[in-house]
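A.B. asks: Here's the letter readout for the chains.
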Amino acid sequence: MVRWPRDRGLQARMMGTLFLLALVYFIFITVLAFIGVDSLLIVVVMVIILLLQYFFSDQLVLLSMGARVVSEQEEPHLYETLTRLCAIADITRPKIAIVDKAVPNAFATGRNPQHSVIAVTTGLLSMLNQDELEAVIAHELSHVKNRDVMIITLASLISTAAFFIFRNSFMFTQGGGRSRDQNLWFVIPILAASVWATSFLLIKALSRYREFSADRGSAILTGRPSQLASALMKISGQIKHIPTTDLREIEGMNAFFIIPAISGTSIMDLVATHPSVEQRIAALERIEREMEGHVV
Amino acid sequence: MWFKKALDSLLGNTTLPSASLEKLFAISSASITMQSNLDLGPSPRAGICFKPIESSKYDSARKEIEELLAFSSKETGSTYKIETDEYRFTWVILEDPDFEDLITGIHLISQTLIEKGFGAYLLCAIFRFGEEKPVYWIYNFKQGRFYPFIPVLGKTRDNAAELRIKSLFERELPIEEDMGKWYPLWGIPL
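Residue numbers (the working numbering), protein chains in the order written: chain A, 1 to 296; chain B, 1 to 190.
Calculated directly from the structure, the hints in this document are not laboratory data. In this text, all values refer to a predicted model and were calculated from it rather than measured experimentally. Positions of the beta carbon are idealized from the N, C-alpha and C atoms, including for glycine. Wrong hints could be hidden among the right ones.
[Said to hold, decoys possible] Chain B side only, calculated, beta carbon under 8 Å to chain A, not exhaustive:
| no. | residue |
| --- | --- |
| 1 | Ser9 |
| 2 | Leu11 |
| 3 | Pro17 |
| 4 | Ile53 |
| 5 | Glu54 |
| 6 | Tyr87 |
| 7 | Thr90 |
| 8 | Tyr121 |
| 9 | Leu123 |
| 10 | Lys155 |
| 11 | Arg157 |
| 12 | Asn159 |
| 13 | Ala160 |
| 14 | Gly180 |
| 15 | Tyr183 |
Chain A on its own, in the form it takes in the complex (with noise of 0.2 Å):
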């Protein structure tokens, strides 16, 4: 039996985060009770966003990026690409759009495998080959499977609510009437300000963990790891040639991205949303040796 090990140290990262992430919204929330903000309105706002972020948060980035929805008439092979790797894997098939861009990159979205679109710009299909394509459709399927768009965006929930929080702090200074201490007000933006700056690199974290995770499950759908590092290094060449005007309209939505349109290396790996493709092509060797049979 070839057996497909778990990387133990990728999931213990995870747990990690996930754990650190919970830590610092329990105490965000605790403290936010014991100074006494009335947290119901912030509540009730809160599950609306992320109401309308799960049932709407797909056909917005799908037009926001301009993508459209192809049916199998219009794309078969691109389709049946797609099926047959369903079928191994046993997954619900998504849909896939196209998007007519010269810059090589795909991304998933869509709250649960019924829903979820897999979009190509047409620059990589001119791009990739066969196999390669295969590898980018497997990553982003991973995506699907793994719930990412799901996870992130209910961690990134709280967050945004103390990024709020922060920047309308003086609307819960004012009104302090029915609070403990008045004196522990001034904490407020203090406080939603560290948790946002906290939890948006745990969540930069954890992103790039799912990334690293998506890597492996197209490597065990495709049986073949070396045809996505093959893919991200045609892309991220490719990326990196590009003038930047035309990256900054696609910035937004790096989170789903296979590789970011970031131009350079600037900002350093902590707050990148995907690790590096150095990283990146450094785990699916790995995970070929793994395939060997060899110990890692």
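On the provided structure of chain A, position chain B as indicated by the hints.
C.D. replies: Quick look at chain B alone, frame taken from chain A:
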């Protein structure tokens, strides 16, 4: 099961479902009904499709399959060919006038792949019935179930005929209930 799936998602863990061979032989008795009720005889060719993977263990498994095929074709007089399609999947096409030998051959190949640990990469086995307008029974190894596939000109399929044939064989064959998983396969090399 539900819990394990959720945990796998949360941890980003990917496991492929393993292949099941149990129900493959059900096509044997169904072929008699196909002949007697629908006048669709089995074609002398059947195929199995799987995904080749990057590993020296896979290479040796494939070599073993080729040796087994060469050996069994001497025994039974069936012929075989191995093809790679445009999606880089491997097809083994067996040809034998005896339908039982075809099923045994398909079983042998899938059994070998499963024993070597590559069962997860088995896509499907295909049995063809009828000459002019073929009806295919596709065996999905992941579900351990069959589903009908009746392609017509171009890339369309005759859903009405597929549903009719499903209702006819519901008792005889384990048929995939979720029609979302009746994946078409265009350009079947049979």
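A.B. asks: Now tell me, hint by hint, if it's right for this structure.
C.D. replies: Checked hints:
1. Ser9: Hint holds; serine 9 of chain B Cβ to chain A Cβ min 5 Å, cut 8 Å.
2. Leu11: Constraint on leucine 11 of chain B satisfied, holds at 5 Å.
3. Pro17: holds, 5 Å
4. Ile53: holds, 3 Å
5. Glu54: holds, 5 Å
6. Tyr87: holds, 6 Å
7. Thr90: At about 11 Å, which exceeds the 8 Å cut-off, the nearest Cβ of chain A leaves the hint on threonine 90 of chain B violated.
8. Tyr121: Holds: closest Cβ of chain A sits about 6 Å from tyrosine 121 of chain B, inside 8 Å.
9. Leu123: With a minimum Cβ separation of about 6 Å from chain A (threshold 8 Å), the hint on leucine 123 of chain B holds.
10. Lys155: Holds - the Cβ of lysine 155 of chain B comes within 8 Å of chain A, reaching about 6 Å at its closest.
11. Arg157: violated, 11 Å
12. Asn159: This interface hint is violated because 13 Å lies over the 8 Å limit.
13. Ala160: violated, 18 Å
14. Gly180: Holds. Min distance 7 Å.
15. Tyr183: Given a least distance of 5 Å, the restraint on tyrosine 183 of chain B holds.
In this structure, the hints that do not hold are numbers 7, 11, 12, 13, in rising order.
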